[in-house]
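Here is what each chain is made of, one letter per residue.
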Amino acid sequence: GESVGLHLPTLSVQEGDNSIINCAYSNSASDYFIWYKQESGKGPQFIIDIRSNMDKRQGQRVTVLLNKTVKHLSLQIAATQPGDSAVYFCAEAMNTGFQKLVFGTGTRLLVSP
Amino acid sequence: ETGVTQSPTHLIKTRGQQVTLRCSSQSGHNTVSWYQQALGQGPQFIFQYYREEENGRGNFPPRFSGLQFPNYSSELNVNALELDDSALYLCASSRQGMDQPQHFGDGTRLSIL
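Protein chains in written order, with the working numbering: chain C, 1 to 113; chain U, 1001 to 1113.
To be clear, the hints were calculated from the coordinates, so they are not data collected in a lab. Think of the CB as a built atom: it goes at the ideal place given N, C-alpha and C, for glycine as much as any other residue. Please note: incorrect hints may appear among the correct ones.
[What the hints assert, rightly or not] Calculated Cβ distances over 10 Å to all of chain U for the following chain C residues:
hint, residue
1, Thr-10
2, Asp-31
3, Asp-49
4, Gln-60
5, Thr-63
6, Lys-68
7, Asn-95
8, Thr-105
[What the hints assert, rightly or not] Quick list of the computed label-pair ranges, beta carbon to beta carbon:
hint, chain 1, residue 1, chain 2, residue 2, range
9, U, Gln-1018, C, Thr-10, 43 to 49 Å
10, C, Asn-22, U, Glu-1082, 43 to 49 Å
11, U, Lys-1013, C, Gly-59, 36 to 42 Å
12, C, Thr-105, U, Gln-1096, 25 to 31 Å
13, C, Arg-57, U, Pro-1061, 36 to 42 Å
14, U, Leu-1039, C, Gln-60, 29 to 35 Å
15, C, Gly-16, U, Pro-1062, 49 to 55 Å
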């Protein structure tokens, strides 16, 4: 769709594989992080969030890992399915007195049957 | 639970015109944020409304303005449209708080001719 991914990094996996999408964030003072999935022609869809006082959080088929030392986030998707194909964004919440989300560049995930 | 809805879905305008985009927030949410997503990029924060007042703004000129209504719905107004304003405009709603996830609508695709 128009809103996502002409020249994004791309991760190609086979159906059933585990996927790992990485993200570097910019501000060491950020204390809340969200992963979003954006399909063609749609808005970003909330997947999972994590607060800075945690280093791991699990959801249904997804796990987010946070490494504050190197300002790195990862999203792990277990048993990847064709319906997981989309662009994935990490977003950090800047501590500016209100929640302003700053988005990473995005990664396109392509899942082959 | 009703999600975030935006209208219209598509809009074509010419340079110099004005546009109003509308957003209905998810039930139970009192905070609305607007983002601009250019082709191939992540969303960029425009501003946020809480209790009918702007409580945070990104790096956008004053010709981008907004309103929030008592029912928490919101409008984004853009005056003196420029070609570079062509983008997907996303609305996100949330509960107030630094660790409350923002949930997005599917956006309004604005094209400037």
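*Could you see if the CB distance from C/Gly-16 to U/Pro-1062 stays within 49 to 55 Å?*
Hint holds: Cβ distance 52 Å, inside 49 to 55 Å.
*Is the Cβ of C/Gln-60 more than 10 Å away from each Cβ in chain U?*
holds, 16 Å
*Just tell me: holds or violated, for the beta carbon distance of C/Asn-22 and U/Glu-1082 against 43 to 49 Å?*
violated, 35 Å
*Just double-check C/Asp-49 for me: nearest Cβ-Cβ distance to chain U has to come out over 10 Å.*
Its Cβ does come within 10 Å of chain U, the nearest being 5 Å, so this is violated.
*asked:* Please verify that the nearest CB of chain U lies beyond 10 Å from C/Asp-31's CB.
replied: violated, 7 Å
*Starting from the range 29 to 35 Å, see whether the pair U/Leu-1039 and C/Gln-60 falls in it by beta-carbon distance.*
holds, 32 Å
*Measuring from beta carbon to beta carbon, are C/Arg-57 and U/Pro-1061 in 36 to 42 Å?*
Holds, since C/Arg-57 and U/Pro-1061 (Cβ atoms, about 38 Å apart) stay within the stated range.
*Checking the smallest CB distance to chain U, is C/Asn-95 really beyond 10 Å?*
It is violated; C/Asn-95 is separated from chain U by about 7 Å at its closest Cβ, not greater than 10 Å.
_The output says C/Thr-63 does not contact chain U. Does that hold with a beta carbon cutoff of 10 Å?_
holds, 17 Å
*Take a look at whether the Cβ-Cβ distance between C/Thr-105 and U/Gln-1096 falls inside 25 to 31 Å.*
Given about 29 Å between the Cβ atoms, the range holds.
_Verify this label for me: C/Thr-10 is non-interface relative to chain U, using a Cβ-Cβ cutoff of 10 Å._
Holds, since 13 Å exceeds 10 Å.
*asked:* Does the beta carbon distance between U/Gln-1018 and C/Thr-10 stay inside 43 to 49 Å, or does it fall outside?
replied: Violated - the Cβ-Cβ distance for U/Gln-1018 and C/Thr-10, about 38 Å, lies outside 43 to 49 Å.
Hint check: violations occur at hints 2, 3, 7, 8, 9 and 10; the rest are consistent with the structure.
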